[in-house]
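Following the hints, put chains R and C in place on chain D, whose structure we already have.
Protein chains in written order, with the numbering used here: chain D, 1 to 293; chain R, 1 to 271; chain C, 1 to 247.
The hints are simulated quantities; they were obtained by calculation from the structure and are not laboratory data.
Note that the Cβ used here is the ideal one computed from N, Cα and C, for glycine as well.
Check each hint, because a few of them may be wrong.
Computed spacing ranges between beta-carbons, pair by pair [unchecked claim]:
(1) T112/C x P94/R: 25 to 35 Å
(2) S43/D x E132/R: 56 to 66 Å
(3) E132/R x S208/D: 18 to 28 Å
(4) G25/C x T2/R: 33 to 43 Å
(5) S165/C x E269/R: 21 to 31 Å
Simulated crosslink set (EDC-like; lysine to aspartate or glutamate; CA at most 16 Å straight-line) [said to hold, decoys possible]:
(6) K183/C x E200/C
(7) K235/D x E246/D
(8) K210/D x E198/D
(9) K13/R x E115/C
(10) K239/D x E227/D
(11) K32/C x E200/C
(12) K76/R x D91/C
(13) K211/D x E199/D
(14) K183/C x D154/C
(15) K234/D x D270/D
(16) K267/R x D60/C
(17) K12/C x E24/C
(18) K13/R x D60/C
(19) K268/R x D60/C
(20) K12/C x E132/R
(21) K272/D x D245/D
(22) K155/D x E199/D
Here are some, though not all, of the chain R residues that point toward chain C, as calculated from beta-carbon distances under 7 Å [claimed, not checked]:
(23) S3
(24) P6
(25) L78
(26) D79
(27) T82
(28) Y84
(29) A88
(30) V91
(31) T204
(32) S206
(33) Q214
(34) A215
(35) R266
(36) K268
(37) E269
(38) F270
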Amino acid sequence: MRRLFLIILVLIAGYLHVVFLGKASEEMKKLPQGDDHAFILPSPILKVAALEYQGLASDVLFLNSMAFIGETQERKERPRVKEWEWRWWLKTLDAATDLDPYFFDPYFYANAFLPWDAHMAEETNHLLEKGSRYRNWDWMLPFFIGFNDFFFLQKNVEAVPFLMEASRRPGGEPMLASIAARLAFKENQTETAIFFLEETVRRTDEESLKKIYETRIQALRSIAILEKGVASYKKKFGKLPPTVDELVHRNIINKLPLDPYGGTYFVEQDGKVRSTTSSDLEPYISPAMKSFH
Amino acid sequence: MTSLWPIAFITFKEGIRNRAIYGITLFALLLFGATALVATMVPREVGKVSVDMALSTISFSGLLIVLFVGINLMAKDLDKRTIYTVLARSVSRPQYIVGKFLGMVLLITVTTLSLSVMAMAATFILKMTHAEFFTRFSWSMIALSVFLTTLMLILLSAVSFLFASFTSTSFITLVLTIITYIIGQSISGVKALIESPPQALGFTVSPVTMKLVQAAYYLFPNLSLFNIKLQAAHDLPVATSYVVWTVLYGVVYICLAITLAALIFRKKEFP
Amino acid sequence: MITIKGISKVFKEGITGKRIMALEGLDLDIPKGEVFGFLGPNGAGKSTTIKILMNLIFPDTGTATIAGKDVQIPEARKRVGYLPENPYFYDYLTADELLWFGGKTAGLTPSTIRERSDFLVQKVDLDNARRRPLRTYSKGMLQRAGLALALIHDPDVIILDEPMSGLDPVGRKMVGDLLVELKQQGKTVFFSSHILNDIERFSDRAGIIIKGKLRLVDSLTNILKGNKNLEDVFLREVASAEGGVAA
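In isolation and in its complexed conformation, chain D is listed as follows (with noise of 0.2 Å):
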C-alpha cells in the first residue's frame, strides 16, 4: 500500500515538474534578452584569452558567422540584415582571421556577401589583402580583390597588379593576366563580370552559396544580353533606345531577358542597363541609383 501511494507520488510530481519547466520557459522568452550581436572582443583581447587554443577559437567564431547567414536566410523582413549587423559580421571574420590569419572560409564567406549585400566591397577588400599576405600561396584571395576593385570600386588601375599577382600563384590561371590587360580598357565589362563569377561559382562547394552566384550570374547575362542590344540599336538608330522594350519592338532581340531578382530594366544616359529591383540581394546598383530608392 505505501509503496504504491509512493509512486503515484513520484509520477504526480514527475508531470508537475514538465509543467512547470514549461511555463517557467515561456516567461523566460519574454524577458528582455541581450544582443548576439552588437559585441564581440578586440582580438588582441581573443588572443590572449584562447590561451593555446586559437585555431579552435577562430573555428567557432567562424561557425557562429556561418549560423548568423543560415539564420538571416529564414528571414522574412526586408532587408534581411540590418547595417550594425553586417558590422558585427565583419568583425567576426576580422577576429576569426586575427586568430588565424591562414584559415581560407572566412575570406571566402565574406566575399560572398559582404560586397554584394552589405555594400562593404573596401571594408572586404583590406580583409582578403590581409588573408592574401598570409596565403601567399593562394590565387584566390588576389583574385577576389580584382574582382571587387573592378565590379564594384569602379578602381580599374588598382585591379590589375592583384589580377597579376593571382595569376603569378600556383593554380592561378594565365587567362587571368589576360583579363588584367582587358581592364585598363573599359568595354565589355559585363562579360568580365560574368567571367570572374563562373571561375568563383566552379569552386564553390556550397550549395546554398552556389545558387546565390548563380543567380547574380544570370542577372549579368541578361543585362549583357540587353546592353549588347543596346549598342546594336544605337549603331543602327545613332540613339539609346528609350526603353528595353524598344530593343523587342525594333526586333534587335527576341524577347525580354528576365530579371532573376524580379525587377523592370532601363536603360541609362551612358548608354549602360540596370535594374529597379530592390531584390534580397541588390547587386548590380550603383551608388547613383541607390539614392533613387
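For chains R and C alone, coordinates are given in the frame of chain D:
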C-alpha cells in the same frame, strides 16, 4: 640511484590506474567523435579544423591529467601519508622527488601518445572520406606539435611538483598550477601587447605595469612557445633552430623546477 | 644497534604557535638482538621517537644512529624494516607490486624478490589477495601487507609503531608469533604500544615514556620483580608525572 626506477614505476602504475584516466580518455574519445561532425560543417578547410580539434583535445586532456591525476599523485603522498611507504626505504628525499617526477614523465608520455594515436585514427578516417579538403596536411608537423605539447605538459608538471614541495594542501597546489598555466600561455601575448605603441592600444601603459609584465615573462614558464598547432594545421614551416631552442629552454626550466623542489623538500617533515 | 642521544622535539600547534614539547632529552640505547617495548599513553612521544629514527621528522637537538649510521642518511635505513601506525598504501597497487617495490629499493635481485614475496605472502596469510589492489584490503590485511613490506629485505632492525592496533585476535596472534620468531633469528626489534599485555609478553626490556620524558627503562624481569604488576608500575609512573600521589 637504483631506487629511481622503482619509485618511477609505481608512480606510473598508480597514476595510470587512476579512475580519472578512464573518465578523461572517454571525454577525449567523445571529442574526437565530435571532430567528425564539426569539421565537416566547414565548407572548405575540413583538414585544418580536424587538426585544430584533434590537437586541442590532446592538449586539453593532457592538461586535465597533469592537474587532476598528477597533482593527486603528490597529494596522496602528502595528505594521506602514503609517503611513509617510500621514505621508509633507504631513499633520500631528493631521490624521492626525482623518482616521482620520472614516473610523471612516463605517465604523461604514455597517455599523450595513446590519445594521439586515437586522434590520428579519427583524423585519418576523415581524411580518407574528405580527401579534397585536406590540401595542406602533414603527419610530421602534427607529430612535432604533439611532441612539443608533451614537453609543455611535463614542464607544467615539474612546476606543480615545486608548488607541492612547500604548500600544505593539494588544493593550493592545484590553484597555483592552474594560475601558472594561464599566465604561461598568455604572458607572451600580453608582453607583446604591452610593448606595442600606445596608438595601437588606445591607452598608455604605466612603467610599473611594463616592468611587472616583463618580470612575469622571465619568471613564469613561457608555455606558448610549445604551441605550434597553427603551423601543424596549415603545414607551415617551423625552423629547426626554433624547435632546438624551445626544447633547450623547456629542459632547463624543468631541471630548475625539480632541483628547487628537491631542495625545498629536504626540509619537509611528516609528523 | 640503535642509539638515541639527547633528542628533543618541539611542535608548534596551530596559528597561535603554542609550543608542545613532544620529546625532552631522550637517551636510549638498544643493543643488538634485543626486543624493546616502548610503552606510554597516547601522545607520550612514542610515534615521534620512531619517526625521528625513520628520518620522517627532524630532531631539534641530539643525534640518533642505527647500526652506527646517522639516521639522517639513507644508508641507515638499508637494513631497517618499518611498519607505521596506520599503514596507507597506494590504492591501485597490488601486494605483489608493493613487495616488488620494497625489494627493488633494497637492492634485491628479481629472483630473490620472487622467493621472499612468496614466502612472506604465505606467512602473513595474504596468498589469496596478493594480486588484488590494496584499496580492496581490510585494515587487518593492510597491516599484514605492511609487515610483509617491512620484512621483504630481511632487515636486521625492525621498527614497529603500534603493530597490534586495530587487529582482531587472529591478527594479534600472527604478529605475536612473528615477534617471537624475529627474536629467535637474532633480530633487533623496537616496537611501541599502549597495550600493557603486549609489552609484557614480548619485550626483553621496556621503556615507559610519559609527556615526552623517559621515566623508566629496565628489563621486564626487573620491572616485575617482587610479583609486581606492570599496570601498577605504569600507573604509578603516570601519577608521578602528573605530580600526584601514587595510589
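These are the hints, each one checked on the structure:
no. : hint                        : in the structure
1   : T112/C x P94/R: 25 to 35 Å  : holds, 27 Å
2   : S43/D x E132/R: 56 to 66 Å  : violated, 31 Å
3   : E132/R x S208/D: 18 to 28 Å : holds, 19 Å
4   : G25/C x T2/R: 33 to 43 Å    : holds, 38 Å
5   : S165/C x E269/R: 21 to 31 Å : holds, 23 Å
6   : K183/C x E200/C             : holds, 15 Å
7   : K235/D x E246/D             : holds, 14 Å
8   : K210/D x E198/D             : holds, 10 Å
9   : K13/R x E115/C              : violated, 23 Å
10  : K239/D x E227/D             : holds, 14 Å
11  : K32/C x E200/C              : violated, 20 Å
12  : K76/R x D91/C               : holds, 10 Å
13  : K211/D x E199/D             : holds, 14 Å
14  : K183/C x D154/C             : holds, 13 Å
15  : K234/D x D270/D             : holds, 11 Å
16  : K267/R x D60/C              : holds, 13 Å
17  : K12/C x E24/C               : holds, 15 Å
18  : K13/R x D60/C               : violated, 37 Å
19  : K268/R x D60/C              : holds, 14 Å
20  : K12/C x E132/R              : violated, 70 Å
21  : K272/D x D245/D             : holds, 15 Å
22  : K155/D x E199/D             : violated, 20 Å
23  : S3                          : holds, 5 Å
24  : P6                          : holds, 4 Å
25  : L78                         : violated, 11 Å
26  : D79                         : violated, 10 Å
27  : T82                         : holds, 5 Å
28  : Y84                         : holds, 5 Å
29  : A88                         : holds, 4 Å
30  : V91                         : holds, 6 Å
31  : T204                        : violated, 44 Å
32  : S206                        : violated, 37 Å
33  : Q214                        : violated, 37 Å
34  : A215                        : violated, 32 Å
35  : R266                        : violated, 10 Å
36  : K268                        : violated, 10 Å
37  : E269                        : holds, 5 Å
38  : F270                        : holds, 4 Å
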